[in-house]
Amino acid sequence: METKIRQLSSNLDPRYFQIVVLSALLLYGVAILDFGIRWQNAIAIMLTAQFVQLVGTRAVQLPRFDPLSPLITSLSLTLLLRTDDVRLAILAACIAIGSKFVLRVRNKHIFNPANFALVSMMLLSDHAWVSSGQWGSAAIGAFALACLGFIVLTRAKRAETTLAFLGCYAALVFGRALWLGDPLGIPLHQLQNGALLIFAFFMISDPRTTPNTAAGRILFAALVTAVAGTIQFIYFQPNGPILALILCAPLVPVIDSLLKGRNYRWEQPKGVL
Amino acid sequence: MRILATIAAAALTVAISATAQAFCGFYVAKADTSLFNKASQVVLVRDKDRTVITMANDFEGEVEDFAVVIPVPTKIEREQINVGDRAIVQHLDAYTSPRLVEYHDADPCMDYRHFEMSMDSAAPQAAVLEEARKVARSRGVTIEASYTVGEYDILILSANESSGLVSWLQDNDYKLPKGAERVVDSYLKQDMRFFVAKVNLKEQSKLGYQYLRPLQVAYESNKFMLPIRLGTLNADGKQELYVYALTRTGRVETTNYRTVKLPSNVNVPEFVEGEFADFYRAMFDKQVEAENERAVFLEYAWDMAWCDPCAADPLSAQELRELGVFWTGGRGGSKIAPMPAQDVFVTRLHVRYDGEHFPEDLMFQETGDRQNYQGRYVIQHPWKGEPSCDISQYQAQVRERQEQEAQQLANMTGWDIDDIRKKIPFPEGDAPVQEPWWKRIWG
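Top line first, the protein sequences correspond to chains A and B. Residue numbering for the first sequence is 0 to 272, as defined by numbering that gives the first Met the number 0. Residue numbering for the second sequence is 0 to 442, as defined by numbering that gives the first Met the number 0.
A couple of the hints might just be wrong.
Derived, one-sided and incomplete: chain A residues facing chain B with beta-carbon distance under 8 angstroms [unchecked claim]:
| hint | residue |
| --- | --- |
| 1 | 81 |
| 2 | 132 |
| 3 | 181 |
Sample of chain B residues lacking proximity to chain A, with all beta carbon distances greater than 12 angstroms (derived) [said to hold, decoys possible]:
| hint | residue |
| --- | --- |
| 4 | 78 |
| 5 | 147 |
| 6 | 152 |
| 7 | 166 |
| 8 | 253 |
| 9 | 266 |
| 10 | 290 |
| 11 | 294 |
| 12 | 317 |
| 13 | 385 |
| 14 | 418 |
Examples of chain B residues toward chain A, derived with CB under 10 angstroms [said to hold, decoys possible]:
| hint | residue |
| --- | --- |
| 15 | 186 |
| 16 | 221 |
| 17 | 222 |
| 18 | 248 |
| 19 | 254 |
| 20 | 291 |
| 21 | 293 |
| 22 | 363 |
| 23 | 364 |
| 24 | 366 |
| 25 | 367 |
| 26 | 397 |
| 27 | 400 |
| 28 | 403 |
No lab work stands behind these hints: they were computed from the structure. Since we're looking at a predicted model, the values are computed, not measured. We put the beta carbon where it would ideally sit given N, CA and C, even for glycine.
With the sequences and hints as input, model every part of the structure.
Next comes the structure, spelled out in structure tokens:
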């Protein structure tokens, strides 16, 4: 029986889990936290993403239309992007899915679509922003988010990026607190941030935009942390991790070419937690 | 020996404008004077990396005891410090206050409360009296400059290390609360600087003010934040802080704490008119608890050009200029006929904090959200004239409505529903709950 379930779960596309978790987070955010997600934006993003995916599929003559990937991107965008203009939400979805088809190197897209769209919109308009503080820092909520996200990851078998990022980020904020002589409550509070966990579990972990090797992914996560720390604690700008990911993404092909020898296929079952 | 204590008494800013104000720095006073951080009002004017901060105070004590140490996110010079006009902060407070709106059943005309607006204008003066430069002798701290600005003596401190600053404060009879050295050290490592403001009694009597005017600092820094950590060190319990952010693009929110809108546009029973302040305080207490004491609350977000209903007129261009809104025209507006201000969006945030629930300083960001929000509570007066026909149906409706208002009020404030019902003049003196439920079915 147990083996059967295991077989079933390993055969099932991990993205279904991801969709379930992101949808649950969206519902939690709307129903319990009430943090200003507009339904018209959510619908506009979902429909536009599917439409652009369809157009892209036809244009580059992919064998079949895949609705899952744009759905995941739409959910991430809906969770993180705030705007008071529905046209900007539509534009964000176009940019996100469009970037997958246009910005490619060696058959991989360079940027995580939702990440690319978020940063583009923040640069393009004053009316698009990310509300990173709106998840609150209730420890239990953070814990629940982490666990849920973790399930998604173990199915996706790419936990290194997330774990390495969270590990490096924790080392960074605790290290900074030690250097400043701050009480540990401060780094703990910085880690109990819903947006940070969503980023770690659902954005940086994207198997299509991270290096091919485990070592490469850990190196990549460390780089993203370093850049995020610089943005957040030296330039004092919000959304450090989101900006850092976009800045580091072009390095993925470089890391891949440097660490070519130790490539492994991600479909292989790997003894990840 | 003086004690480095913290900020002063609180009052909720409700129907009446807040009279209690304080600094976001920390007070220094004689040992037998107990001063506590309780409430502060801070105006943050921000565009790109330019900030003008105005800190109003409600110091209640002998002014000769008064001194305050204020952290600023960057190095500053004398010209960056100014003394502001307290009336303008009071005006901003009144303009952004939660409001009570009244409607009368018979008369559809709206009548809203007007708030008394203080117009005693004390034009800010920055008397520049250079004092002899004092140089501290010891431990890496230099008083970079010492000036008199209005009624304050200002000492700008530059310290290489916290022990220098701390020792200097101690040498000058200031006693730091426990843990202050660590916070000062942390701030210095983050390139923050401090200045000390003391009351110059001679200047104060010359200027003739009976109260202390707000201090203003203009600086350029990426940091859009408010240092609150020092104020929590020796505070007696929770403190109240009101932040009025004046920006160009839209609403301001905290990036490291949740910013939550308070319940608004709710109908409340008629008696709330007489106890609006109590109602608002109870509602706020309940909301703070519901958010596990970790949220910042939005009380007002509006384009400064107008208001509906107005708790007070929007600030004039001149008043905005004096608060440091550097991007508007400025001197054109007159106080007698306030010009509608343009290109300024005001956000009023209210936070109740202590060190346990707010370990980090408040970090802000400006969003693109220009949606208007206000704390608005509605009283719907039943018609009370002599009836010339059968009004039993109307009375039943009123009873139902009043019961609903009572329940909403109990939910929002945590007040006892029976106590609320006792204060409501239900038609014919009966609360609807006492009416058997089956009467309504076939009634």
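Would you list, in rising numerical order, the hints stated earlier that this structure does not obey?
Checked against the structure, the hints that fail are numbers 8, 10, 11, 26, 27, 28, while the rest are satisfied.
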